[in-house]
Amino acid sequence: MTTFTPSAASEVLDAVKWAVSEETPLEVVGHGSKRGVGRPVQTEHALDLSGLSGVTLYEPEELVLSAQAGTPLAEIEDLLERNGQQLAFEPMDCAALFGAEPGRGTIGGVLATNLAGPRRLKAGSARDHILGIDAVSGRGEIFKSGGRVVKNVTGYDLSKAMAGSWGTLAVVTALTFKVLPRAEEETTVAVRGLTDEQAATVMAAALGSSAEVSAAAHLPEGVVSTVDHGVLGGDAATLLRVEGFGPSVASRVELLKSLLADAPEIELLESQRSRTVWRDIRDCAPFADGTEKPVWRISVAPSAGHNVALAIRRQAPATAFYDWQGGLVWLRMEAEDEAEIVRDAVARSGGGHATLLRAPPAVRAAVPVFQPQPPALAALSARLRAEFDPKSVLNPGRMYRTGTDGMTL
Amino acid sequence: MSGLMMPKPSDATLRRRDEIVADMRVIVPGEGVVETEREMRAFETDGLTAYRQLPLVVVLPETTAQVARILKYCNERDIRVVPRGSGTSLSGGALPLEDAVLLVMSRFNRVLEIDYPNRAVVAQPGVTNLGISHAVEAEGFYYAPDPSSQIACSIGGNVAENSGGVHCLKYGLTANNVLGIEMVLMDGEIVRLGGKHLDAEGYDLLGVMTGSEGLLGVVTEVTVRILQKPETARAMLVGFPSSEAAGQCVADIIGAGIIPGGMEMMDRPAIRAAEDFVHAGYPLDVEALLIVELDGPQAEVDWLIERVSAIADKNGCTTSRISSSEAERASFWAGRKAAFPAVGRISPDYYCMDGTIPRKELPRVLAGMRALSEKYDLRVANVFHAGDGNLHPLILYDANKPGELEKAEEFGADILRLCVEVGGVLTGEHGVGVEKRDLMPEMFTEADLDQQMRVKCAFDPNHLLNPGKVFPQLRRCVELGRMHIHRGQVPFPDIPRF
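So the sequence lines, in the order shown, correspond to chains X and W. Numbering-wise (the numbering used here), the first sequence opens with residue 1 and increments by one. Numbering-wise (the numbering used here), the second sequence opens with residue 410 and increments by one.
Calculated directly from the structure, the hints in this document are not laboratory data. Be careful, since some hints might not be right.
What follows is a set of in silico ranges between Cβ atoms, one per label pair, in the way DEER data are often shown [to be verified]:
{"#": "1", "chain 1": "X", "residue 1": "M1", "chain 2": "W", "residue 2": "N518", "range": "57 to 63 Å"}
{"#": "2", "chain 1": "W", "residue 1": "A421", "chain 2": "X", "residue 2": "A347", "range": "57 to 63 Å"}
{"#": "3", "chain 1": "W", "residue 1": "H893", "chain 2": "X", "residue 2": "A74", "range": "23 to 29 Å"}
{"#": "4", "chain 1": "W", "residue 1": "P418", "chain 2": "X", "residue 2": "Q42", "range": "19 to 25 Å"}
{"#": "5", "chain 1": "W", "residue 1": "Q882", "chain 2": "X", "residue 2": "Q42", "range": "40 to 46 Å"}
{"#": "6", "chain 1": "X", "residue 1": "G84", "chain 2": "W", "residue 2": "T458", "range": "44 to 50 Å"}
{"#": "7", "chain 1": "X", "residue 1": "E44", "chain 2": "W", "residue 2": "G412", "range": "51 to 57 Å"}
{"#": "8", "chain 1": "X", "residue 1": "R401", "chain 2": "W", "residue 2": "E815", "range": "52 to 58 Å"}
{"#": "9", "chain 1": "X", "residue 1": "R383", "chain 2": "W", "residue 2": "A547", "range": "50 to 56 Å"}
{"#": "10", "chain 1": "W", "residue 1": "A808", "chain 2": "X", "residue 2": "A205", "range": "51 to 57 Å"}
{"#": "11", "chain 1": "W", "residue 1": "F907", "chain 2": "X", "residue 2": "S10", "range": "56 to 62 Å"}
{"#": "12", "chain 1": "W", "residue 1": "G412", "chain 2": "X", "residue 2": "A205", "range": "58 to 64 Å"}
For lysine-lysine, the following DSSO-like pairs were computed, each having C-alpha atoms within a straight-line distance of at most 27 Å [claimed, not checked]:
{"#": "13", "chain 1": "W", "residue 1": "K769", "chain 2": "X", "residue 2": "K257"}
{"#": "14", "chain 1": "X", "residue 1": "K122", "chain 2": "W", "residue 2": "K816"}
{"#": "15", "chain 1": "X", "residue 1": "K144", "chain 2": "W", "residue 2": "K769"}
{"#": "16", "chain 1": "X", "residue 1": "K122", "chain 2": "X", "residue 2": "K293"}
{"#": "17", "chain 1": "W", "residue 1": "K769", "chain 2": "W", "residue 2": "K810"}
Don't be surprised by glycine CBs; every beta carbon is placed ideally from N, CA and C.
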């Protein structure tokens, strides 16, 4: 087992070229903070990008930041915070879910995994903020895409293609992201005691109003006590976050309160309390239970989320909570992974996808971790992979098992 | 560009024209096939009117199944296909080819579903951009991206071009507002990407499709995000004695954490042309004019406008007006919105460019443009999406003067080279099309372009869909796929390891 630790893009190129010539696969890894996601990759060699680190350009007034792929996300978030800015898509920290050390993860991993947090609803995910990349393809060739300006339609957007590709197309060596101002103030309106179905209605009304809600989640009874050290108590909480300048937040909170005049109980979580709750939701803290019980991350239409969870729970013991106005269902299976039940419920809901984000390695090797695609789409994905990495040297099998056509994603 | 080289027409296809027309009539019965020269004239060009070409035949399908049959038919017979929405492309993206079927999507004109709880609209691709907003305005919603052609341009075309508009700094481009599509690949396979849910289960093919200029697939259905209209909007009109001061004002606004709904800049020639045309009350004694629009809740807008006003004062603005009514806000915008026709009044022809630059480079780029203007002896007026650095220089020329169009195009190419030189890009929102195709090597290496073309190969390995656009030189997929690294040739890398 050799782990290459390049500190320059040219060294990444050397390593990939060698792997191509040997037709030997590489596990591409940053900090390895999300190594527990996806099908277990068994390679003799690894390409560890954590030495390829450093912010290379940051111009707050241009809303742009460039960094080498192995730059710690924490370093970038610190730098941005000092300048009153942020990565608006709230990248998830998987540490709690996997019982690992928090605050790990690289900016390259943020793009490769595309796991956005609560603000996804309003601000998009990493794929919406990436402006440009430098990369080494699985062919052993350097290429770039995009640039450093926010408005650019010059050529295909290969930067977006890297989002959620889990390192299976190319090794991204440097990235440029759009960054945005941090909100000066935030307040979360918490409606208490709603059923999942009532919560879906309330969240839809809030998002359909002009209150510019930047996050909407529902924590059912039994889940509430797992966030922010249990200070919210035990009743279900439907959470609506309002962010912005002080006078604007105040006026929009009032708007929400009048919209929710019929709600049984409303409380306000200000500033730090709001931040803590949303960080816990972002990181799936409710299921940070020290176990390896299967956890599904399910993306469906917002109004379908609670029905998907209900359909699954009718057939298997599971615990759910909801982000993204109900469209992101976090589901912990209390016994088996039940992949067929989960995906059947997603299909019946009108479309979406379910990713088995946490499960023991044996389960992840046996069960499709990522949502299987219809044949025409799967074939297209496989062809795209082959155009970037024809010898399947980059993270082979991380996303999909070898198919009948011999293609591995 | 005037000497534009398009792919050599296929004699075999041209010879079979009658047969192809007849077969198209079988696939699309009724009025859906247009083949006389007189009727095809309406389709010979798009928004880049300097280029005209009659297609082989025009086909206007009505169903996804028809699109699939047409593409499969053409794929099997090596017939090229050029897709077209409303034909408003400013880069020649829908320019026909002599030997290609022009696939016009305008009969896909229905809004299929409005889903308020999920804030989504499902529409056929021929529905206009504004048509989507109109369909939902009674409930107070709208579709955010607003290219200036929004009254005519189609949502399918918006996906193909990743269209922007004046509000995209705050609300994003098409790519950030499209949730899903149905599309047909060149081999006739129908694929759905996304839907009302967020993000992709696998590769972000929706992200790749958006802005792919009709080279990867034909979009047959689009699902977009709709938003509740902002409670209110107010605009400021601020004049500066220099573009540097105006640029610094923009930087300071953003530095203060404010992302305006719109932030537009005009230079002196553009201000004068607009004022002469619509009498918007623009100051004529300034070098740069900013329109800053703030939208959102009343409390926020009132509060922010004070802050922006203070920032403008600090940067030495010489005029500053704040709209106090909808009518006044509209009047501030009237000149900017009429900038193109206004320039059209003072010159027989104009050529609109579309580079994007890092904002701080604006003074350098404007100075460079002045020098080029002298060199080419052609006037230029500038309108600028100041928030995101997207520059629209309008080059004034007279197409009736021999050589002047070529001169204008060379001037334009030099401007785009300058944009790339300062860290910008060739096109911010109009697309590469045929217009900027041959400038692609200014921005990309051969390896960069080869990798983009390989993506094309995954979708359309025979280069039949919209060939001659985007890529300066088409390379065969077999050739692109060839590996240059051979087994056992590369030594074990001498890099750090453990």
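Checked hints:
At roughly 60 Å, the beta carbons of X:M1 and W:N518 sit within the given window of 57 to 63 Å. For W:A421 and X:A347, the Cβ-Cβ distance of about 45 Å falls outside the hinted range of 57 to 63 Å, so the restraint is violated. A hinted range of 23 to 29 Å is violated for the C-beta pair W:H893 and X:A74, which are about 39 Å apart. Against the hinted window of 19 to 25 Å, the Cβ-Cβ separation of W:P418 and X:Q42 comes to about 52 Å, which falls outside the hint.
The beta-carbon spacing between W:Q882 and X:Q42, approximately 41 Å, falls within the hinted interval of 40 to 46 Å. Checked against the given bound of 44 to 50 Å, the beta carbons of X:G84 and W:T458, roughly 46 Å apart, stay inside it. Remark: the range hint 51 to 57 Å for X:E44 to W:G412 is upheld by a beta-carbon distance near 54 Å. At about 57 Å, the CB distance of X:R401 to W:E815 agrees with the hint of 52 to 58 Å.
Under the hint 50 to 56 Å, the C-beta atoms of X:R383 and W:A547, about 44 Å apart, miss the expected range. Taking 51 to 57 Å as the suggested C-beta distance range, the pair W:A808 and X:A205 conforms, at roughly 56 Å. Separation of W:F907 from X:S10 is about 19 Å and departs from the stated range, judged on CB atoms against 56 to 62 Å. The given range of 58 to 64 Å is respected by W:G412 and X:A205, whose C-beta atoms sit roughly 59 Å from each other.
For the suggested pair W:K769 and X:K257, the alpha carbons sit about 42 Å apart, so the restraint of at most 27 Å is broken. A threshold of 27 Å between alpha carbons decides the hint, and for X:K122 with W:K816 the separation of about 45 Å lies outside it, so the pair is violated. Proximity of X:K144 to W:K769 is assessed by CA-CA distance (about 23 Å); at most 27 Å being required, the pair is judged to hold. Proximity of X:K122 to X:K293 is assessed by CA-CA distance (about 31 Å); at most 27 Å being required, the pair is judged violated.
Of the supplied pair hints, the one linking W:K769 and W:K810 is violated, its CA atoms being roughly 37 Å apart against a limit of 27 Å.
The structure fails hints 2, 3, 4, 9, 11, 13, 14, 16, 17 (numbered hints given earlier, in ascending order).
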